[in-house]
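The chain contents come next:
Number of protein chains: 4
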Amino acid sequence: MKETMINTIKDIDAHNVIFIEGLPGIGLIGKLAAEHLIQELGAEKFAEIFSPHFPHQALIKEDASVRLMKNKLYHGRSNDKDFIILVGDTQPSPSNSFGHYEIVTKIIEYIEKFGVSMMFTLGGYSTGGEIVEHPRVLGAVSHPELVEEYKDAKISFRDDSGAAIVGASGLLLAMGRQKGMKGMCLLGESPGYMYIDAKAAKSVLEVLSKILKLEIDMTALEERAEETENLIHKIQEMQRKSMSQNMPEMSKDLGYIR
Amino acid sequence: MKETMINTIKDIDAHNVIFIEGLPGIGLIGKLAAEHLIQELGAEKFAEIFSPHFPHQALIKEDASVRLMKNKLYHGRSNDKDFIILVGDTQPSPSNSFGHYEIVTKIIEYIEKFGVSMMFTLGGYSTGGEIVEHPRVLGAVSHPELVEEYKDAKISFRDDSGAAIVGASGLLLAMGRQKGMKGMCLLGESPGYMYIDAKAAKSVLEVLSKILKLEIDMTALEERAEETENLIHKIQEMQRKSMSQNMPEMSKDLGYIR
Amino acid sequence: MKETMINTIKDIDAHNVIFIEGLPGIGLIGKLAAEHLIQELGAEKFAEIFSPHFPHQALIKEDASVRLMKNKLYHGRSNDKDFIILVGDTQPSPSNSFGHYEIVTKIIEYIEKFGVSMMFTLGGYSTGGEIVEHPRVLGAVSHPELVEEYKDAKISFRDDSGAAIVGASGLLLAMGRQKGMKGMCLLGESPGYMYIDAKAAKSVLEVLSKILKLEIDMTALEERAEETENLIHKIQEMQRKSMSQNMPEMSKDLGYIR
Amino acid sequence: MKETMINTIKDIDAHNVIFIEGLPGIGLIGKLAAEHLIQELGAEKFAEIFSPHFPHQALIKEDASVRLMKNKLYHGRSNDKDFIILVGDTQPSPSNSFGHYEIVTKIIEYIEKFGVSMMFTLGGYSTGGEIVEHPRVLGAVSHPELVEEYKDAKISFRDDSGAAIVGASGLLLAMGRQKGMKGMCLLGESPGYMYIDAKAAKSVLEVLSKILKLEIDMTALEERAEETENLIHKIQEMQRKSMSQNMPEMSKDLGYIR
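Residue numbers (numbering that gives the first Met the number 0), protein chains in the order written: chain V, 0 to 257; chain A, 0 to 257; chain F, 0 to 257; chain E, 0 to 257.
Okay, chain V solo, but in the shape it has when bound:
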């Protein structure tokens, strides 16, 4: 394997799809939101993505069997619309820009065949440690006119001129735009510690489901979000006790495989 491979498992009949990306990143926000959406839509896996730019390791599954690190494409339908959803174990290492570009190029070429009516890339936006009571959802778009189109969806289009969206969420949007694909990136505000931030994921999914007119049962995500909130309260408690200097160590352990 000398380059990224996308293996089709099952041919799908999909046209003019809504493409949604939720790969691991800050707080696993995009991944949580996209995986919940897959469950709610009953979407089915139809392709797997392997890459020599993913970590060189095998993951152990619950049944003691192993598999390669991978990304996956799911297909679901709702309201007469086709959805293709991208999730997975990992992205290339932050020092490997070449790998990020290679993978995103392959994915864009692959989904282009179906026609892409709209792309949503999901992720997190670090507040740099500050804890937020009600995580906002920050938006960035492929084409400026989309700001107007989605202005009622409780998205914060701040002037973040010069800021960057790192990794697949940014590259898919910007490279898709070069192929004429419309898209929007939705980023849930998060303290940015490396725990799983289900609360921010819920915020992102609420905005997305409203836009897509999807009825999504948030119960499971709410339960995880509650756990998140409890965790945050504990962290705040610890910070009050001036123990914040030990935190980076702790959070690193929780975030190794994202």
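Honestly, I wouldn't trust all of these hints.
In this list, chains with the same sequence are indistinguishable; a pair is considered to hold if it fits within one copy or across any two.
Unchecked claim - Here are the computed lysine-lysine pairs in the DSBU-like style, where the Cα-Cα straight-line distance is at most 35 Å:
1. Lys153 <-> Lys60
2. Lys9 <-> Lys112
3. Lys150 <-> Lys178
4. Lys212 <-> Lys9
5. Lys233 <-> Lys69
6. Lys60 <-> Lys150
7. Lys60 <-> Lys9
8. Lys60 <-> Lys178
9. Lys80 <-> Lys60
10. Lys105 <-> Lys153
11. Lys105 <-> Lys150
Hints are computed from structural coordinates only; laboratory data are not their basis.
Position chains A, F and E relative to chain V; hints supplied.
What follows is chains A, F and E alone, placed relative to chain V:
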């Protein structure tokens, strides 16, 4: 040399082989076990593997001549079965995922020609410093049904869901599986200091020889294991004397070339 | 995208061009000078450069839309001469020599078609923290005879034998020379903190405009230069107050995207 | 430039050459020795080597003109024998094994055309800080029988089994051997600080000139060696004054471009 090369030294007559990997890793456990097996089987080297992803250096041999870093394939026979055993000086650097994938891809393609009835990849599993009296052998398989097949072999199939097997032991198993090869990874528990852990290597080889119904004289390995145990006792002594903070320095020196 | 791409947006009619490079580097000196020149010449963008060696991220624009990191080529005319000016968001990471060489090779091949009468690469020269009242402009040339040709232009051709010009400013000059292109690198002296050094940029542009006999309104750059000077005075103040140890932290934040 | 290029400047008439390598490494020992040999033989440059794996920078020459980082091949004749000598500014970065292999492969292919009767690679061997009064010259060979052949040349063929020769000196010898080329690596003992160690270079060149029956005027090298010795005395003085903790900083500055 722009990619990994496997040079056949000698044509072998081998079919439906049992493939065993023991490249350098934690405590050199896999390497020790595989090299001991080569000796016991009287296996012969038939191919050499060179790669631009190996360290850019020459190794000095006892006779003052040098050679490139390499991996090697050995062929042996026992109980009417063909064995191909992979050992070597090194694996690519941990920051070079691309190199790991490239080499493993080449090896899989090469051994596939012989037919592979079963693959065993051997290595170590770090307890994170904790010293273990009787190192267990942890198992992971290519196909879940193999857990049942090997349940009598004193292998611990713990639920390590989400854990990762890094390097050749993991990649060979997971990439072999994609080619339909059955396989199992056997990992000897080890404190994970970077000394040579012959005790854990013995545990791994005991499990493997039982599975393969091989009579293996463990004397040499037992001697090395005793040395290991003495070393561990020394380390424990030092830890009791609260000198543990000096250990990482020490162990690093011992582990430079693996 | 597996290699650097230069997309022509608009065909231009240009011959025997003067090529000017101002990509991000020390103090953003080259970038500031080249962007000011683009504005003054009313030069127009005619090509965009994308590369898998650029950071794997999308930049957010003022209108909340995103775009890939890129370099850009502008075309302008003055005194019957064609100018091609290279500016952009970024250069490859310092650890990726291969990427630097690949991009510069593509750019040289691209501009060679127009014929290049002279190349000017603009950048900064770090004094290693020392603040300079009147930043000198240091020069290095493709061909030694150019020193004589430009001796009246207030350029300091010090004996810097053995010193290196890192990145595009150095590679373009040296690789261009191999294709027979004449060129000169102009480096404005700068303390080398990672703030924007408009004062040094003004010095560089003054030298360049004198050489090219261009009338350039420096007002905007002077205003920025004044801000720079105020910033430098603040830094000096802080240094006097022995707070210099906090500065690297500060300056890093200001320099993330260059 | 996407791979290493060797540009022939001048066709040479050379057969069955003695190939000598002296690229930058520990103490610049190999480089000093090889450059002195070039001068003594009156050897002429006939080829230049450029590589995208070299640092991405231009070097400033004394006349203020710049050039790319490069390696060079020289041709000289003495005692009816053809010499090809490899020297240069740099080797790839230590983290870029792929680059090291690529360059050495190209060089081997290039010199193979002339026929190589013997290869000598020159370098240093760090004692890890210990200062040596009379630097020994350690040897390693391509073929064990060469130890016997060169036993009278005051070379120390210690049992360094398992030690490694890093970079071009090691790779050229080991990869040359795979093409059937005979060779020897000569490493001058050096404290391994990153200053220029002319004393060790002289030791290496004395061994080499004796082997090759070359009359070499060591005066210039002796002068530099004296400077080295003075520097070493200063360092010893400083060490006596317990200032050794400041040394790594110092030596780093001297060794940036090797």
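Outcome of the hint check:
Taking identical chains as interchangeable, the C-alpha atoms of Lys153 and Lys60 lie at most 35 Å apart only when they sit on different chains, with a minimum of 20 Å there against 39 Å within one chain. In this homomeric assembly, Lys9 and Lys112 come within 35 Å of each other (Cα to Cα) both inside a single copy, at 15 Å, and across copies, at 28 Å. Taking the shortest Cα distances, Lys150 and Lys178 sit within 35 Å of each other inside one copy (24 Å), while across copies they are farther apart (50 Å). With identical chains, the CA atoms of Lys212 and Lys9 are at most 35 Å apart within one copy only, with a shortest distance of 27 Å there and 42 Å across copies.
For the homomeric pair Lys233 and Lys69, the shortest alpha-carbon distance inside one copy (34 Å) is at most 35 Å, but the shortest distance between copies (43 Å) is not. Proximity of Lys60 to Lys150 under the C-alpha cut-off of 35 Å is restricted to the inter-copy arrangement: shortest distance 17 Å between copies versus 43 Å within a copy. In this homomeric assembly, Lys60 and Lys9 come within 35 Å of each other (Cα to Cα) only inside a single copy, at 23 Å, whereas the closest approach across copies is 39 Å. In the homo-oligomer, the alpha carbons of Lys60 and Lys178 lie at most 35 Å apart only across protomers (19 Å), although the nearest pairing inside one protomer, at 37 Å, exceeds that limit.
Taking the closest pair of Cα atoms, Lys80 and Lys60 come within 35 Å of each other both inside a single copy (33 Å) and across two copies (31 Å). Proximity of Lys105 and Lys153 under a CA criterion of 35 Å is satisfied intra-copy only: 32 Å inside one chain copy versus 44 Å between copies. In this assembly of identical chains, the alpha carbons of Lys105 and Lys150 lie at most 35 Å apart only when taken from the same copy (32 Å versus 42 Å across copies).
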